[in-house]
Amino acid sequence: MSRTPELIQARPVPRPSVWIWAGIVLLFAALFIYGLFTNENYRWDVVGQHLFDPRILAGVGWTLLLTVAAMLLGIVMALTMAIMRMGTNPILRGVSWAYIWFFRGTPVITQLTFWGLLGVLYPKIVLGIPFGPEWAIDVNDVMRGGLIAAILGLGLNEGAYLSEIVRSGLNSVDKGQWEASTALGMKRGTTLRRIVIPQAMRVIVPPTGNETISMLKTTSLVMAVPFMMELQFVSGAIGNKLFLPVPLLLVAAIWYLVITSILMVGQARLEAFYGKGFDDERPLVRAKGMSRRQQAILTAHTVRDTPNLDVTP
Amino acid sequence: MTAMVDVRDVHKLFGDLHVLKGVDLTVQRGEVCVLLGPSGSGKSTLIRCINELEQINAGRLYVDGELMGLREVNGKLHRLSDKEIAAQRAKVGMVFQRFNLFPHMTALGNVVEAQRQVLRRSKADAEARAHEELTKVGLADRMDHYPAQLSGGQQQRVAIARALAMDPQLMLFDEPTSALDPELVGEVLNVMKALADSGMTMIVVTHEVGFAREVADQVVFMDDGAIVERGTPAQVIDNPQNPRTQGFFAKVL
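Which chain is which? The protein sequence lines are A and B, in order. Counting in this note's numbering, the first sequence runs from 43 upward without gaps. Counting in this note's numbering, the second sequence runs from 1332 upward without gaps.
So that you can see chain B by itself, here it is in the shape it has in the complex:
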């Protein structure tokens, strides 16, 4: 059985800026991997590369055993077409720091839209699925509300429902609670915990060390574009070996 995510010596450059400096990462099926580290360490860039919002400059990236963004024919690499990349992306759900809900659509409309446009589901099927997902995140009574009428925590839960309705095999979370008022963080983390318990493969970039300790199977500490330390929460958070990791947790805990 192949790993769900296999990142091999991935580099990412923005002009002269070397953001990822040879990252290797394996995430097994059903595993929850939490990326921790200071701002600018490349955590967000790494997960944005995994669903091809950014193109990598070196290395290989496999999701579900499939090489992302490229095809190798007789030892030569060819870029995939936009259509092929879109198909690869549809298997990966993504939740953003700033929610990015579609403001001109209701909560229900947000969850229905891509099901109709990308998966070509019928209106009835897409709406039924949207009802189901919104109920799961505790928003059964908010389906007809526009994003502007919802709190940040509710908006982020709609965003999670929107991603889940696409039947992803992998969910990426890019600092999902960083834009929330402290009292709203819990409701989003609870939804994510329930999702982890259901067996979803997840990669989470966050500053919530408590969440990492409770939910993560694998904690990865990144600094300056590279993975510094990895292991179970007990190893990395509570008994870090690398001085940079030690320094980081000494400050945040």
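Next comes chain A alone, as it looks inside the complex:
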């Protein structure tokens, strides 16, 4: 048993600037909070009345539905496009490039308006086998209410951004993994599915969480379609009817903050899960809930990129 040495107990270096800043911030915070309570124009009574208004709650529901549906479409598009972009077929590579070029190069509000007007451009889409049976789709019928157009608009736009994230994830996997699989006689598709994608998830998943938070707020633009049931539009409409736009904006803001806060907690967990041990040489301790498989990927350092790439529209 070794002798326990006398531990160093020294006073830290004084940092007066911390106290000065604390004073300044506290002063402004106090002024702001005082204003929140004394400024009658906020109309907190109206905020309280409408926070759990069924129309507002339905708006929250539609916003969540749009977010989830658009992200799902985005992820499917992103995987397809990233794999096409990295493939050997030059035509498919071109298609993927053009998709990303177009959907990343135009504002999402323009795209949403366009999808809303699709029925004007193509009132009917006819699918058929030459000389055989035909099926006609009434575009205006399908697009009624704007939900499909909103999901298409948001999802296809998101797919362009996510595909760059997926591509950087796939590229971040060590080239040796491709070589080993190739030398064993595995085909490209098998290698992607069984070897590369599972390891790329470490890089792909955390920024996808970031994109989900971004998407939640982007749904407020679907009034351009127009789709008129999500949170921002509904609260705006109620506010206009009451001639009290400010309290209803606060209602919307509170709900967005609540949902993003929940998503941020989830995102932080995901980042901890997928990023743990990235800087450490060998994480011998497994994070809570982390699978052995995940730990093994992290420890192997076959994936090099940071998982916290920030790619925001």
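Don't read these hints as lab results, they were simulated from the structure. Since the structure is predicted, the reported quantities are computational estimates derived from the model, not experimental observations.
On the chain B side, residues computed to face chain A include the following (Cβ under 7 Å):
id : residue
1  : Asn1382
2  : Ala1417
3  : Arg1420
4  : Ala1421
5  : Met1425
6  : Arg1429
7  : Asn1431
8  : Phe1433
9  : Pro1434
10 : Ala1445
11 : Gln1448
12 : Val1449
13 : Tyr1477
In silico DSS-like cross-links for lysine-lysine, where the CA-CA straight-line distance does not exceed 25 Å:
id : chain 1 : residue 1 : chain 2 : residue 2
14 : B       : Lys1414   : A       : Lys217
15 : B       : Lys1414   : A       : Lys229
16 : A       : Lys229    : B       : Lys1454
Just so it is clear, CB atoms sit at the ideal spot from N, CA and C, and this is done for glycine as well.
Knowing the structure of chain A, use the given hints to seat chain B on it.
Showing chain B alone in chain A's frame:
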């Protein structure tokens, strides 16, 4: 009986860089061929060409009598499809300097994976074979460990088992012990010696001159993209004729 490997006047260019400048090499069945030479002499590139990880730019390359990567029809050359190349590769096992195990699979999973995906063996057959190969390389008690939980020497032995489970007719080793701590080199070399004794045809790129002297049937010394000298270990290592070979062994021995 054709040779296992027949390399005829092979050239490889990376852009302007002429890496292989007309290499001829024959490796008979059951023979162990060790490639020696300074870094950048083209040894690794040569064996990477043999299993088509790199495409050659000139010459012909035959494994087991079969032209690799190409088909000759009426005097015209056609590239083989990815599927055909994959089938040719499956006959050639490869072990890398940096092991390249799949980190998200256990030792057993690493050995099972390609048997299932490429050879379409049943789960039971593939696992039985993986048990057998891992036991042979002395890792019977490490089957459920992930690569991160294994030492470098153990990882490299899993990589050898993974290649052997595919029933290769030829094994290529690309500096298999260069990434290992000195005390772990021996365990990998012992596995390779046992494999050579079992009659496997092997081409080994290494800096382990002792291994070459003990195990090789043919030692090939390469420098600047060409074969400078070849022969038995006694000829090439202990009594080199070419001044470049002499200079190399004077420094490393």
